[in-house]
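Novice: Sequences and hints are given; from them, build the entire structure.
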Amino acid sequence: MKKLVLALVALAALSSAVAQQTRLRVFVGGQQRPDVMRKIFDLYQSRNPGVRVDIETGGATSDQQQQYLTTVLASRDPSIDVILVDVIRPAQYQASRWADTLDKYLPGVTRENLLKQYLPAYAKADVVNGQLVALPAFADAQFLYYRKDLLEKYGFKPPTTWDEAIKQAQTILAGEKNPNLNGIGFMGNISEGTVCSFLLPIWAAGGDVTDANNRLILTEAQAKDSLQFWLDLMDKHKVSPNNMAEKAQDIIRQEMQQGRWVFGTLFAYAWNRFQNDADSQVKGKIGVVPLPKFEGGRSASCLGGWQWTISDFSRNKAQAYKLVRFLSSPEVSKILAIDASNLPVFPSLYKDPDVLKANPWFADALPIVQNARSRPVHPRYTEIADVMRKGLNAVLARTKTPEAAAKEIVSGLQAIYGK
Amino acid sequence: MARPQARYRRSFGDLSERALAFWLLLPAALLLGFIALYPVLRLFYTSLFTLQLTVSPDANFLGLGNYGQALHDPRFWNAVKNTLLIVLITVPGALLVGLGLAMLANLPFRVKWPVRLGLLLPWALPLVFVGLIFRWFFDSQYGVVNDLLVRLGGERLLWVTNPDLAFWAICLTLIWKTSSFVALILLAGLQTIPKELYEAAKVDGASRWQEFWRVTLPLLTPAILVAMIFRTIAAFQTFDVPYAMTGGGPGNATETLAMYVRVQSIENLNFGYGSALAVLMFLLSMAVTLVYLRYVRGADE
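Quick note, the sequences are listed as chains A and B, same order.
Letter 405 of the first sequence, counting from 1, is numbered 405 in the numbering used here, and no numbers are missing.
Letter 248 of the second sequence, counting from 1, is numbered 248 in the numbering used here, and no numbers are missing.
Hints are computed from structural coordinates only; laboratory data are not their basis.
Don't take every hint at face value.
Computed footprint of chain A on chain B, listed as stretches where at least three residues anywhere in the stretch have a Cβ under 8 angstroms from a Cβ of chain A [said to hold, decoys possible]: (1) 77-86; (2) 119-131; (3) 157-170; (4) 193-206.
A few chain B residues facing chain A, derived, Cβ under 10 angstroms [as the list claims (entries may be wrong)]: (5) THR50; (6) GLN52; (7) LEU53; (8) ALA244; (9) THR246; (10) GLY248; (11) PHE271.
Just so it is clear, the structure is predicted and the values come from calculations on it, not from any experiment.
For each residue, glycine too, the CB sits at the ideal point set by N, CA and C.
Specialist: So, in structure tokens, the structure goes:
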């Protein structure tokens, strides 16, 4: 009898010890460097002995991750506690009530004081309908990558306007006579990057999709000019080949890595690949500058970036919040900058000597990220994106004229925004 | 005959034949109900609501409104058109190619495995693999198809981004992929045709053509029908190959019904409307199947 009681006591003690260990499951996309994230989680575990952080990864692209997360979250599955989401998602997560609101956890700090440390664009993206639904992990933006060696050979400075970029590309293509070399690479297939392609000329000309009150202000004329601009790169200026409707971001990146492009409009991740990949033929030959503007317009980049959010179906929200605060701290931002070349979300880190040692070009990146514009913030963003990328893709495939596609894009957006 | 039956009786206790049938069928009926009937009913139920997670997580009863919206949705009709065209082109296409392959495999080769392996291989490949592989075959810059065209003195074609060419590229891929399935069924059918019939035909002085038209084809009809039913139902659900090859592009030029259902429910999180589209797709392939089944019954009688 005594033995039995002892055994029961021991069992109870053991099970309470197990119960004290909190397990948190974090979803990180395959392209968001799960290896570096694991290191960061290990650091958190060593400081918080009662917590174990498991990592779940999947889907290389934002769309693929979203497909998986949709099945998990639409079925109210509690297995994932913390999720790393693309900057375009928080609005939808809030509308679907997939994300826990973070305001209730803020002890002593006001939301303003917490958010003002970050780059303003992310503070803005993570507050939806007055509720804080996510905290920033790392920043991203689109840049103009160029072949330093080729531009120098022809005596060019990096272009600041699109006209310059087109002229330089034409001159270099004519001079090099290399059938495998192309001029200006941009995304044109049916993917998320093509949304940015559609928006860049609109921003560069001074326009936008919505006003400050999130009302639709895009006109057919602006949409047409953007579509025409990309089409002209192929047909009129002959600086892009005629199959741009096939090109996804990573295809441009791979081709530029093989030395097949003079210019490429790509997000920040490309830099590391150009410099460090074993098969890169352009090591040390690539420069990065802000995207060009139009005469009299402004330089604009497409804002990317990733946010930490807590699943509303999580059973460990308080613990998850503690983890998210750590993950969105300057300390982690610095680790991500050094180990994964992720752009920091804290402005001060762009001057940090350790960060600059690993990524010298970050020194000039801050103004670009600060001036980057965000894609439309709307819970039905995927539908908005679909309208835009299908429109540009159809024009590049020459199945629709820019006029017809612009009309469809604007009426498609009106249906979503409700005139 | 009487004895084994009596033994069954004894081992199942005093169950009447009816009750026995009931209990024996119950597991299968439950399983079918759970994996087939319940999802279909649930799908229909969801299609009667407005339920779009990007707008609100709550569902509101709408009645048949989603169906009305579908009938006025040009993108739905475009997807119906593409799906029907794929059915009309790839089913007969796969049948013709499959018949040829089956006849070839039925020839008395000394070494049979290369032909049989060639038959099985496309069938064994996952659809989305096939889509990805052919996406590269048809790539305008790096693709083997354009390479052949150039070597033969032709022009490079934009296979994946020209809407007509993209459609034909998809159809060719589907025919390549599915004709081996048809051939396998037809090969089984061919092997059931007694050799005596061919010998008798030879004795009567029939030509090769006459043999084919008068002996092979009539006796192969049941197998052909089975293959066509399976292929048609599958063709109505075409998704993987165009999804991997064109993503429905350029624009929406090669989007099929199944792809549009996915866009609405998985990407736009519009489960109400997506369900209505799925129900319409279900009805469409159901209608075609019923026509076939009627025909099969008529042929049997």
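Novice: Next, verify each hint and record whether it holds.
Specialist: Going through the hints against the structure:
1. 77-86: Answer violated; 0 residues pass the 8 angstroms Cβ test.
2. 119-131: violated (count 0)
3. 157-170: It holds, with 5 qualifying residues against the three required.
4. 193-206: Violated - the region 193-206 of chain B has 0 residues with a Cβ nearer than 8 angstroms to chain A, which falls short of three.
5. THR50: This interface hint is violated because 13 angstroms lies over the 10 angstroms limit.
6. GLN52: holds, 8 angstroms
7. LEU53: Constraint on LEU53/B satisfied, holds at 4 angstroms.
8. ALA244: Not OK, violated: ALA244/B not within 10 angstroms of chain A, min 12 angstroms.
9. THR246: holds, 8 angstroms
10. GLY248: Constraint on GLY248/B satisfied, holds at 7 angstroms.
11. PHE271: holds, 8 angstroms
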